[in-house]
Amino acid sequence: MQDIAPRVIEILATQALLDPSEIGPEATIESLGLDSLGLVEAIFAIEEAFDIQVPFNPNEPGQGGFDTTSVASIVAAVQGLVAGKAA
Amino acid sequence: MTKRVVITGAGTVNALAGDVPGTLEAMAAGRSGIGPLAFRDVDRLSVRIGAQVQGWDEAARFSRNEIAVYDRFTQFAVTAAAEALAMAGEGAGQGAGAIIGSAAGGIGTWEDNYRAVFAEGKNRVPPLVVPRLMVNAAASHVAMRHGLTGPSFAVSSACASSNHALGLAFRMVRDGQAPAMLAGGAEAMLCFGGIKAWESLRVLSPDGCRPFDARRNGLVMGEGAAVFVLEDADRAAARGAMPLAEISGFGMTADAGDIVVPSVDGAAAAIRAALDEARIDASEVGYVNAHGTGTQVNDRSEVAAIRRAFGSAAEGLMVSSTKALHGHAIGATGAIELLAVIMALRDGIIAPTLGLDQPDPACDLDHVPNEARRARVGAALSNAFAFGGLNAVLALRAL
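Each protein sequence line maps, in turn, to chains A and B. The UniProt record's numbering puts the first sequence at residues 1 to 87. The UniProt record's numbering puts the second sequence at residues 1 to 399.
No lab work stands behind these hints: they were computed from the structure. Bear in mind the structure is a predicted one, so any value in this text is a computation, not a measurement. Built from N, CA and C at the ideal position, the CB exists for glycine as well. Take the hints with a grain of salt, since some may be wrong.
What the hints assert, rightly or not - Some but not every residue of chain A turned toward chain B, in silico, with C-beta under 10 Å:
#	residue
1	Ser31
2	Leu37
3	Val40
4	Ile43
5	Phe44
6	Phe50
7	Asn57
8	Glu60
9	Gln63
10	Gly65
11	Asp67
12	Thr69
Claimed, not checked - Which residues of chain B face chain A? A few of them, derived with a C-beta cut under 8 Å, are:
#	residue
13	Ser200
14	Arg202
15	Asn217
16	Gly218
17	Val264
To be verified - Far from chain B, some chain A residues (derived; all Cβ distances over 10 Å):
#	residue
18	Leu32
19	Pro58
20	Gln79
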């Protein structure tokens with residue numbers, strides 16, 4: 001569970017063309033400079049990395065239970081999905 | 001000398017009906033063709049709804065030799081073309097060519113044969129796979145079946161393919177390069193691979209198409225074809241044909257911006273170009289058939305583009321999206337939507353935007369919610385704005 005955060009941050013960093021060290025938990029998608037397609041690509045990479053299905057539709061952000069407000073909220077949501085898979 | 005260009009025939013196959021009268025009837029009644037998808041491996045998809053052509057029995061419609069070279073999109077195209085030519089009457093195809101738009105061409109043929117060699121380990125595929133899958137197969141078979149020896153080819157510009165095909169054909173007839181042209185679009189992307197690819201882009205709705213509505217959550221794919229006979233008005237009159245409407249202008253632009261995010265500037269410029277070529281004043285236009293995909297990005301950008309192009313005249317417009325009826329038929333969609341434009345101009349019936357109960361405050365035009373409306377319309381536009389930032393707008397007048 002503890003290695004989820006760095007892997008998610010690494011994926012977001014790759015999409016945002018940043019170094020992972022530049023990304024703190026409070027950072028928002030907008031502050032990382034990710035547009036909706038960048039976010040969709042990041043979520044694809046997250047699904048591949050953790051072998052999960054992420055319920056996310058850019059037409060209704062906030063719906064489906066996957067909170068993309070900040071890096072911390074994305075990490076928490078991925079942790080929840082990974083935990084759900086193990087259960 | 002430039003000619004006036006009229007539409008003398010129309011044909012279609014789509015989720016609403018297998019012909020033009022049935023399609024117009026469903027549009028006027030506000031009956032949607034969207035439902036559960038049925039094809040191989042649909043259970044492996046997260047999106048399982050679409051506007052699929054129902055009860056399509058290829059073996060009952062075509063010979064074994066035809067099926068060997070007719071992908072589903074070609075089957076739709078030749079069926080629509082036959083209806084259009086029959087409506088246009090004797091001599092309509094004389095000297096004509098065929099321009100058929102499609103985004104994916106024979107994607108079902110690609111899928112079936114990739115499956116055979118990659119997944120099932122087969123070592124050979126049927127010899128006619130290449131001519132079956134090629135994007136120009138529909139145009140070629142329309143020409144072959146009806147002896148159309150004029151200029152014929154395919155155009156491919158994703159969701160604007162039909163409008164580009166119709167716009168080019170319009171200009172060829174107007175400029176005297178052909179006395180008539182068959183033009184339209186055909187698409188059959190409702191297969192496992194087709195939906196799988198779109199699903200990954202996260203623009204598909206899992207539960208319904210609701211253009212301009214605050215609750216919309218994506219587009220719903222459709223399939224089908226529509227083909228029209230565009231003809232020199234003088235020749236049509238000499239033949240005693242009964243034209244449906246006049247095509248009077250076409251505008252096309254490229255955003256040269258983002259590969260998927262539309263630009264207000266590019267769309268507005270295409271609308272202006274169509275009006276200018278048609279010499280139609282913005283205040284004359286009564287109806288715009290919107291691209292109206294039911295994604296937040298498209299709908300808001302399109303409404304802003306219409307406002308920019310029309311200025312204060314936007315308040316008097318009816319702007320409906322018929323995609324909640326026939327689905328987003330991608331390369332065929334503009335041609336199917338042209339039927340709604342013809343219904344507005346000829347019959348005075350405006351097809352509604354279904355699923356519009358809570359309008360998005362950013363989509364504040366008259367979107368003709370849920371029920372068709374009677375209105376006299378003298379001029380109308382049909383918008384198509386494609387991935388790739390390619391915009392194509394047709395301008396028509398009532399006769």
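Against the structure, the hints:
Taken as an interface hint, Ser31 of chain A does not check out: its beta carbon lies about 19 Å from the nearest beta carbon of chain B, beyond 10 Å. The beta carbon of Leu37 of chain A is positioned within 10 Å of a beta carbon in chain B (closest approach about 6 Å), and the interface hint is therefore held. The beta carbon of Val40 of chain A comes within 5 Å of a beta carbon in chain B, closer than 10 Å, and the hint placing it at the interface holds. Satisfaction of the interface hint for Ile43 of chain A is found here, the shortest Cβ-Cβ separation to chain B being roughly 8 Å, below the 10 Å cut-off.
This hint holds: Phe44 of chain A has a C-beta 7 Å from the nearest C-beta of chain B, less than the 10 Å allowed. Of the supplied interface hints, the one on Phe50 of chain A is violated, with its beta-carbon coming no nearer than about 17 Å to a beta-carbon of chain B, more than 10 Å. The interface hint given for Asn57 of chain A holds, since its Cβ lies 5 Å from the closest Cβ of chain B, which is under the 10 Å cut-off. Taking 10 Å as the C-beta cut-off, the interface hint given for Glu60 of chain A holds, the closest approach to chain B being about 5 Å.
The restraint placing Gln63 of chain A at the interface with chain B holds, with a minimum CB-CB distance near 7 Å, inside the 10 Å limit. The restraint placing Gly65 of chain A at the interface with chain B is violated, with a minimum CB-CB distance near 14 Å, outside the 10 Å limit. Hint status for Asp67 of chain A relative to chain B: violated, with the closest Cβ pair at about 16 Å, above 10 Å. At about 17 Å, the closest approach between the beta carbon of Thr69 of chain A and any beta carbon in chain B exceeds 10 Å, and the interface hint on this residue is violated.
Restraint check, Ser200 of chain B versus chain A: the minimum CB separation of about 7 Å is within 8 Å; hint holds. Annotation: Arg202 of chain B was flagged as interfacial toward chain A, and the flag holds, the nearest CB pair being 5 Å apart, inside 8 Å. Given hint, Asn217 of chain B at the interface with chain A, holds; its Cβ is 5 Å from that chain's nearest Cβ, closer than 8 Å. Among the interface hints, the one on Gly218 of chain B holds; its C-beta lies about 5 Å from the nearest C-beta in chain A, closer than the 8 Å criterion.
Interface restraint check: Val264 of chain B against chain A, minimum CB-CB distance 16 Å, threshold 8 Å, status violated. Here Leu32 of chain A stays apart from chain B, with its beta-carbon at least about 17 Å from theirs, past the 10 Å limit. For Pro58 of chain A, the shortest C-beta to C-beta distance to chain B comes to about 6 Å, within the 10 Å cut-off, and the non-interface label is violated. A cut-off of 10 Å between C-beta atoms confirms that Gln79 of chain A is not in contact with chain B; the least separation is 21 Å.
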